[in-house]
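J.: Below, each chain spelled out in residue letters.
Protein chains: 2
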Amino acid sequence: MTRKETDLAEATIHIRDHCLCLHAQRAARALARRFDDALRPHGITSGQFSLLNVLNRREPVAMGPVAKFLAMDRSTLTANLKPLERQGLVSVEVDPDDRRSRKLILTAEGRKVLRAAVAVWKSEHAALEKEIGGDPDALRAGLRAIA
Amino acid sequence: MTRKETDLAEATIHIRDHCLCLHAQRAARALARRFDDALRPHGITSGQFSLLNVLNRREPVAMGPVAKFLAMDRSTLTANLKPLERQGLVSVEVDPDDRRSRKLILTAEGRKVLRAAVAVWKSEHAALEKEIGGDPDALRAGLRAIA
DNA sequence: CCACAATAATTTGATATCAATATAATAGGT
DNA sequence: ACCTATTATATTGATATCAAATTATTGTGG
Numbered sequence: 001m002t003r004k005e006t007d008l009a010e011a012t013i014h015i016r017d018h019c020l021c022l023h024a025q026r027a028a029r030a031l032a033r034r035f036d037d038a039l040r041p042h043g044i045t046s047g048q049f050s051l052l053n054v055l056n057r058r059e060p061v062a063m064g065p066v067a068k069f070l071a072m073d074r075s076t077l078t079a080n081l082k083p084l085e086r087q088g089l090v091s092v093e094v095d096p097d098d099r100r101s102r103k104l105i106l107t108a109e110g111r112k113v114l115r116a117a118v119a120v121w122k123s124e125h126a127a128l129e130k131e132i133g134g135d136p137d138a139l140r141a142g143l144r145a146i147a
Numbered sequence: 001m002t003r004k005e006t007d008l009a010e011a012t013i014h015i016r017d018h019c020l021c022l023h024a025q026r027a028a029r030a031l032a033r034r035f036d037d038a039l040r041p042h043g044i045t046s047g048q049f050s051l052l053n054v055l056n057r058r059e060p061v062a063m064g065p066v067a068k069f070l071a072m073d074r075s076t077l078t079a080n081l082k083p084l085e086r087q088g089l090v091s092v093e094v095d096p097d098d099r100r101s102r103k104l105i106l107t108a109e110g111r112k113v114l115r116a117a118v119a120v121w122k123s124e125h126a127a128l129e130k131e132i133g134g135d136p137d138a139l140r141a142g143l144r145a146i147a
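For the record, the sequence lines run as chains A and B.
All residue numbers for the first sequence refer to my numbering, where the first residue is 1 and numbers rise by one.
All residue numbers for the second sequence refer to my numbering, where the first residue is 1 and numbers rise by one.
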C-alpha cells in the first residue's frame with residue numbers, strides 16, 4: 001500500500017468509529033424500524049406518530065413552525081401530510097387570515113388513533129430506555145444540541 | 001376539555017420533549033442536511049459518503065455485513081448502490097465462491113472521491129463537535145447503544 | 001395604486017427507506 | 001443425486017427526504 005492509501009485506510013476507520021452523522025443515521029433507522037413495528041397494528045409509522053403528536057394542539061398550527069420543530073424541509077412535510085389526510089387523520093385548511101398559510105388540524109379520528117398510539121409509545125419507550133441503559137436525559141440533550 | 005382530552009394533551013407534550021425516536025430523527029435529518037451541503041461539491045451525499053467509507057477495505061465485503069453495520073435493510077443497500085455504480089465509484093460483482101453473494105468494491109475513482117470527501121469530513125466534523133459542545137464520546141456511546 | 005420583494009406552500013425529480021415478495025444458489029438430509 | 005430448507009440478493013410499491021423551481025399571497029417603497 002502506498003502512503004496515500006494507508007492514510008486513507010486509517011482515516012476511514014476513524015470515521016467509521018467517530019462520525020456522528022453515521023451514528024445518528026444508524027440510530028434513527030433502528031428506532032424508526034422499532035417503533036414502526038410497534039405502531040403497525042394502529043396503521044401508522046413512527047414518523048406519522050411524531051407528526052400527529054405535534055399536531056395535537058388546542059390552536060391549529062401552520063406548516064412552517066411544524067417543519068421547523070421536526071427539523072425537516074417544508075416540502076417533506078407537505079408530502080408527509082398526504083397519507084394522513086387520505087386516512088382522515090389530519091385536515092389541511094387554508095388560513096382565512098393569510099391565504100398563503102395552512103392550518104393543520106387533527107381530526108376526531110386522528111385523536112382516536114393518536115390516543116391508542118400513545119399507549120403503545122409509553123410501553124415501547126419505557127422498554128427502550130431500560131434496554132439502552134445510561135442516562136436518557138443526557139442522550140436527549142446531546143441530540144437536541146444537534147438538531 | 002374532557003378528562004380524556006387533558007390526559008392526551010399532557011401525554012403529547014411529554015412525548016414531544018422525551019421521545020428518543022423523534023429526537024434521533026431530528027438529529028439525523030439535521031446532520032444529513034449539513035453534511036450533504038458540505039459534500040455537494042464532490043457530488044456525493046452524506047449517506048453515500050458513509051457507504052463509500054465502509055467499502056474502503058482491503059478485502060471486498062458482501063452486502064449482508066454492510067447492511068448490518070449501517071443498520072439498514074438489505075434492500076435499501078441494494079438501492080443505495082445503484083447511483084454509486086452509475087457514477088463509477090463502486091463495482092458490484094458476483095462472488096465466484098458463492099454466486100448468491102456480491103463483492104462490493106470501491107473503484108479507483110471511488111477512492112479518489114472518498115479521499116477528497118474525507119478532507120471535507122474532517123473539517124466539518126471538527127466544527128460540529130465544537131458547536132454542540134458536551135462530550136461527543138458519550139453521545140456516540142448513547143447512539144451505539146441504540147443501533 | 002403599482003411594481004417588486006418577501007413569505008408560505010406546492011410540485012418535480014432524484015435518492016432513501018422498509019416490508020413483502022420473488023429469484024437464485026448453496027447446504028443438508030436421505 | 002434429489003428434495004427441501006436456508007441464505008443472499010433483487011424487485012415492487014408505498015412513504016420519506018431534500019433541493020430547485022413554481023405558484024399564490026402578502027407586504028412595502030415610491
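Worth flagging that the hints you see were computed from the coordinates, not collected in a lab.
Backbone N, C-alpha and C fix where the C-beta goes; we use that ideal spot for every residue, glycine too.
Treat the hints loosely; a few may be bogus.
Derived list of chain A stretches under chain B, where covered just means 3 residues or more per stretch with a C-beta under 8 Å from a C-beta of chain B [unchecked claim]:
1) 105-113
2) 133-147
Label-pair ranges, simulated between beta-carbon atoms [to be verified]:
3) E131(A) to A62(B): 36 to 46 Å
4) K122(B) to S75(A): 23 to 33 Å
5) E5(B) to A145(A): 56 to 66 Å
6) E59(A) to A119(B): 47 to 57 Å
7) E129(B) to R57(A): 29 to 39 Å
8) A108(B) to R100(A): 25 to 35 Å
Keeping only pairs whose Cα atoms sit at most 30 Å apart, straight-line, the calculated DSSO-like set for lysine-lysine is [unchecked claim]:
9) K68(A) to K122(B)
10) K112(A) to K130(B)
11) K103(B) to K68(A)
12) K4(B) to K103(A)
13) K4(A) to K4(B)
14) K130(B) to K82(B)
15) K122(B) to K112(B)
16) K68(A) to K4(B)
17) K122(A) to K68(B)
J.: Now tell me, hint by hint, if it's right for this structure.
T.: Here is what the structure says about each hint:
no.	hint	result
1	105-113	violated (count 1)
2	133-147	holds (count 13)
3	E131(A) to A62(B): 36 to 46 Å	29 Å, violated
4	K122(B) to S75(A): 23 to 33 Å	31 Å, holds
5	E5(B) to A145(A): 56 to 66 Å	33 Å, violated
6	E59(A) to A119(B): 47 to 57 Å	48 Å, holds
7	E129(B) to R57(A): 29 to 39 Å	35 Å, holds
8	A108(B) to R100(A): 25 to 35 Å	51 Å, violated
9	K68(A) to K122(B)	28 Å, holds
10	K112(A) to K130(B)	44 Å, violated
11	K103(B) to K68(A)	41 Å, violated
12	K4(B) to K103(A)	24 Å, holds
13	K4(A) to K4(B)	64 Å, violated
14	K130(B) to K82(B)	35 Å, violated
15	K122(B) to K112(B)	16 Å, holds
16	K68(A) to K4(B)	29 Å, holds
17	K122(A) to K68(B)	28 Å, holds
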